[in-house]
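Protein chains in written order, with this note's numbering: chain A, 1 to 242; chain B, 1 to 186.
One or more hints might be untrue.
Unchecked claim - With a cut-off of at most 30 angstroms between alpha-carbon atoms, the simulated BS3-like pairs for lysine-lysine come out as follows:
id, chain 1, residue 1, chain 2, residue 2
1, B, 58, A, 231
2, B, 16, B, 163
3, B, 58, B, 16
4, A, 151, A, 231
5, B, 58, A, 151
6, B, 163, B, 58
7, A, 151, B, 167
Since the hints were derived computationally from the structure, they do not count as laboratory data.
Chain by chain, the residues run as shown.
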Amino acid sequence: MPELERALRTIGGSLDYPATPDLAGAVRRRLTEGRRPDRPFLRRRVLVVALVVLAVAVGAVMVVPQARSTVLDWLGIGGVTIRYVEELPPVEKATTDLGLGDRVSLQEARELGGFPVLVPAADELDDPPGVYYRAEARQVAFLYGTERDPKLLITQAGTGGAVEKLANLNETDTELVTMDGGSAGVWLSGEKHGLFYPGVGQEEPFRLVGNALVFETASGVTVRIEAEISKDEAIRIASSMR
Amino acid sequence: MVGRPLSEAELVERAKRGDQDAYGELVHAYQGIAFRTAYLLTGSSADAEDAAQDAFVKAFYALGRFRRGAELRPWLLRIVANEARNRRRSTGRRTNLALRAAADPLSGGAAPSPEANLLAGEQQTELLAAVNELPEEQREVIACRFFLELTEEETAETLSLRKGTVKSRLSRGLARLRTQLETDDA
Chain A
1 MPELERALRT
11 IGGSLDYPAT
21 PDLAGAVRRR
31 LTEGRRPDRP
41 FLRRRVLVVA
51 LVVLAVAVGA
61 VMVVPQARST
71 VLDWLGIGGV
81 TIRYVEELPP
91 VEKATTDLGL
101 GDRVSLQEAR
111 ELGGFPVLVP
121 AADELDDPPG
131 VYYRAEARQV
141 AFLYGTERDP
151 KLLITQAGTG
161 GAVEKLANLN
171 ETDTELVTMD
181 GGSAGVWLSG
191 EKHGLFYPGV
201 GQEEPFRLVG
211 NALVFETASG
221 VTVRIEAEIS
231 KDEAIRIASS
241 MR
Chain B
1 MVGRPLSEAE
11 LVERAKRGDQ
21 DAYGELVHAY
31 QGIAFRTAYL
41 LTGSSADAED
51 AAQDAFVKAF
61 YALGRFRRGA
71 ELRPWLLRIV
81 ANEARNRRRS
91 TGRRTNLALR
101 AAADPLSGGA
111 APSPEANLLA
121 GEQQTELLAA
131 VNELPEEQRE
141 VIACRFFLEL
151 TEEETAETLS
161 LRKGTVKSRL
171 SRGLARLRTQ
181 LETDDA
C-alpha cells in the first residue's frame, strides 16, 4: 500500500471522535413512542396540494403522473415537472455537457426561441457571458462560468421542458416561493437531484443538480436558475429578469 | 437452553415484520460506524448524534425497501450520510477534524496504536490539516475510504456516488494531498 494511504489509515485510528452515544436505546424509545423524524415527503404532499390548487387556479399546469410503482408523487410548474421517485439511477454531474446546445448571440437566441427571452438585471451579474440555444427543447441558456465549472446557469423555455427527479431518500427539500413580481416558483435544495430532458430523444443529459429555482413568468416562460447560491439570492436574480 | 444468536439476515427479516428488539440489535451493531460516519460529515457531535438517530428511525420504516441479500451496512450508512449532509448544509458549518490528544496514563486516554507511534505526531497533524483543506467532495471520499476503512463499493453507496466517481475523487484527493505535503516540506 502506498505510504500516503497507509498514513491516512493510521491517522484515521487517531482521530478525536466523541464517544458514541447510546443510539440503540434512543432509537428504541422513539420507535416505541411512534416518533418519526420530520418527513419531507409529507411536507411535499402539502406543497403538491398547494401547487395543484394554484395550477388549477391559473390554468397553467398539466402534468401526467407515471405508474404508481415508480412515482411516489409529482408536481409541475410551467414546463418543468418535478417527480418523486423511490430511487434515482446512479448518475453523476456531467461537467462537460450541460445539454445547452449551440453557442449563439443573445439576438439569435431571441429569434430562435420565439418567446420573450428575459435577461437578469441583478447588480452583481454582467450580461450573460455565454448564450446557448438548444433546438430540440427550444431552450435558451445563459451560462456564467464554464461548462466544466458552471457558476450560474439560467435556462428558459416557452414550452415543454425538464423533469427534475427527486429520490425519496435523498431528502431534497422543496419549497413554494414567490418572486417579487408575484410569479410562483419552487425552490429545490438539499440533496442533489436528477435533471432529465425527456421527449427530446433519450432521457439525456441526466445529471445531478444541487440548488435550483424553477418559476413561470407572467408571459408563460419557464425559467430555471441553477447555482450553489441561497434561496434569497436566487429569488433576487429571478425577480430581476427583464 | 440458549439458542444460537440470530444472523444479521434473520434480524433484518424480523425487523421488517416490526420486531423492534431485532432492530435494536442491528442498531447496536452499527451505531459506532454510523455515528463516526455522521461525525466525519458534520464535524459536530450533537449533529452527528441527531443525524444518526434520525437515520436509524427512518431506516426502520424504510426496511421494506431493503433488498433481501443486499449488504445492510452501506444501505444504513447511505441514510446516515444523507441525514448528516443535510444537517451540514443547513448549518453551513464545516468543522476541521482533530487528532486525539497524545495518550497520557494519568488522563486515561486511549494509547496510540503502534502504527500511530511510527507516524510522528507532527506528520499526522500536517497530514490531517491537508485533509481538512480538501474540497468537501474529496474530503468525504478520503474520510470514508481511509478513516472509516470502507471499501470502494461501500464508499460509493454511502455517498450515493458511482464507483468510478469514488475512484476519480480519491485519485484527485490523494494527488492534492501529495502536492500539499511536498509544498509544506519545501
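**Message:** So if I understand the rule, the pair passes when the alpha-carbon distance is 30 angstroms or less; does residue 58 of chain B with residue 231 of chain A pass?
**Reply:** Roughly 27 angstroms between the alpha carbons, so the hint for residue 58 of chain B and residue 231 of chain A holds.
**Request:** Take a quick look at whether residue 151 of chain A and residue 167 of chain B sit within 30 angstroms of each other, Cα to Cα.
**Result:** holds, 25 angstroms
**Request:** Starting from residue 58 of chain B, check that the Cα of residue 151 of chain A is at most 30 angstroms away, please.
**Result:** Answer violated: residue 58 of chain B to residue 151 of chain A is near 34 angstroms, above 30 angstroms.
**Asked** Given the hinted pair residue 151 of chain A and residue 231 of chain A, is their alpha-carbon gap at most 30 angstroms?
**Response** Distance ~15 angstroms between residue 151 of chain A and residue 231 of chain A Cα, so the pair holds.
**Prompt:** Is residue 58 of chain B close enough to residue 16 of chain B, meaning Cα to Cα at most 30 angstroms?
**Reply:** holds, 13 angstroms
**Prompt:** Holds or violated: residue 16 of chain B with residue 163 of chain B, Cα cutoff 30 angstroms?
**Reply:** holds, 29 angstroms
**Asked** Holds or violated: are the alpha carbons of residue 163 of chain B and residue 58 of chain B at most 30 angstroms from each other?
**Response** holds, 25 angstroms
Violated hint: 5 only; the structure is consistent with all others.
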